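Put together the whole structure using the sequences plus the hints.
Protein sequences, first through last, are from chains D and R. Going by the numbering used here, the first residue of the first sequence is number 140, and it counts up by one from there. Going by the numbering used here, the first residue of the second sequence is number 10, and it counts up by one from there.
These are computed hints drawn from the structure, not numbers from a lab. All values reported here derive from a predicted model rather than from experimental measurement. A couple of the hints might just be wrong.
Said to hold, decoys possible - List of simulated lysine-lysine pairs, DSSO-like, C-alpha gap at most 30 Å: (1) R/Lys88 / R/Lys54; (2) D/Lys148 / D/Lys209; (3) R/Lys51 / D/Lys209; (4) R/Lys11 / D/Lys222; (5) R/Lys11 / D/Lys209; (6) D/Lys210 / R/Lys88; (7) D/Lys148 / D/Lys210; (8) D/Lys148 / D/Lys196; (9) D/Lys153 / D/Lys196; (10) R/Lys11 / R/Lys51; (11) R/Lys54 / D/Lys196; (12) R/Lys51 / D/Lys148; (13) R/Lys88 / R/Lys51; (14) R/Lys54 / R/Lys11; (15) R/Lys11 / D/Lys196; (16) D/Lys222 / R/Lys51; (17) D/Lys222 / D/Lys153; (18) D/Lys148 / D/Lys222; (19) D/Lys209 / R/Lys88; (20) D/Lys210 / R/Lys51; (21) R/Lys51 / D/Lys196; (22) D/Lys153 / R/Lys51; (23) D/Lys209 / D/Lys196; (24) D/Lys222 / D/Lys196; (25) D/Lys210 / D/Lys196.
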Amino acid sequence: DGGITQSPKYLFRKEGQNVTLSCEQNLNHDAMYWYRQDPGQGLRLIYYSQIVNDFQKGDIAEGYSVSREKKESFPLTVTSAQKNPTAFYLCASSTSGFAYEQYFGPGTRLTVT
Amino acid sequence: RKEVEQDPGPFNVPEGATVAFNCTYSNSASQSFFWYRQDCRKEPKLLMSVYSSGNEDGRFTAQLNRASQYISLLIRDSKLSDSATYLCVVNINTGNQFYFGTGTSLTVIP
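Below, the structure written as structure tokens:
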């Protein structure tokens, strides 16, 4: 089955720890994205990548880091510098080009205490 | 000013009703438009793309008005299963970024 997988579904961490969220796609999409969604709010872009070994900051990149070493994978690290990391994190991918829609993974709910 | 704005609702409608949502966008260079559906605590899923000529998929009709810079979604004969949050999404083709509205909440009541 083609799609986007994110793991784990739920993640709990102590404050001060870095944590890496996994995102894998087998849709052969060039572009991949990370969003954060807080309760009652819209999606906010953290980072995106249009091609392997290249990525750009989104609107709220501070406290996050990414890598794009393979086309299929776009892991997100939430560092201890992120002041309010508890949120629902969504990974998406799309074919390059503005006419193409995004497809989302099932998301990871991160809780930091 | 936000790139994309939606009325958050909530819209509470009886089964069988027709309901319409609008979404405005601020950048006249916007190139492509989509409606997504998001169920509670789930990921957004593509409902339909919005074409310049308008398009229909069963009970759902989407329209684009470039002159007034808005898109609309019409749902006819509402079902209980239509209860969800509907997200308006715009792509401005600057770095291939997608801009999301905050969503409109719909509850269909028996």
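Hint consistency between R/Lys11 and D/Lys196 [alpha-carbon to alpha-carbon, up to 30 Å]: Measuring from Cα to Cα gives roughly 18 Å; hence the hint holds.
30 Å Cα cutoff - pair D/Lys222, D/Lys153: holds (13 Å)
Hinted pair D/Lys148 and D/Lys196, Cα distance within 30 Å: Holds. D/Lys148 to D/Lys196 sits at ~24 Å (cutoff 30 Å).
Hint consistency between D/Lys148 and D/Lys222 [alpha-carbon to alpha-carbon, up to 30 Å]: holds (22 Å)
Pair hint outcome, R/Lys51 versus D/Lys209 [Cα-Cα no greater than 30 Å]: holds (26 Å)
Distance restraint between R/Lys88 and R/Lys51, which requires alpha-carbon spacing of 30 Å or less: At roughly 19 Å apart (the allowed maximum being 30 Å), R/Lys51 and R/Lys88 satisfy the hint.
Satisfaction of hint between R/Lys54 and R/Lys88, Cα-Cα up to 30 Å: Holds, at about 18 Å.
Satisfaction of hint between D/Lys148 and R/Lys51, Cα-Cα up to 30 Å: Holds: R/Lys51 and D/Lys148 sit about 11 Å apart, inside 30 Å.
Holds or violated: R/Lys11 to D/Lys222, with C-alpha atoms at most 30 Å apart: holds (24 Å)
Distance restraint between D/Lys222 and D/Lys196, which requires alpha-carbon spacing of 30 Å or less: holds (17 Å)
Given hint D/Lys210 paired with D/Lys148 - CA-CA distance at most 30 Å: holds (22 Å)
Proposed proximity, D/Lys196 with D/Lys153 (alpha carbon, max 30 Å): holds (26 Å)
The structure fails hints 5, 6, 19 (numbered hints given earlier, in ascending order).
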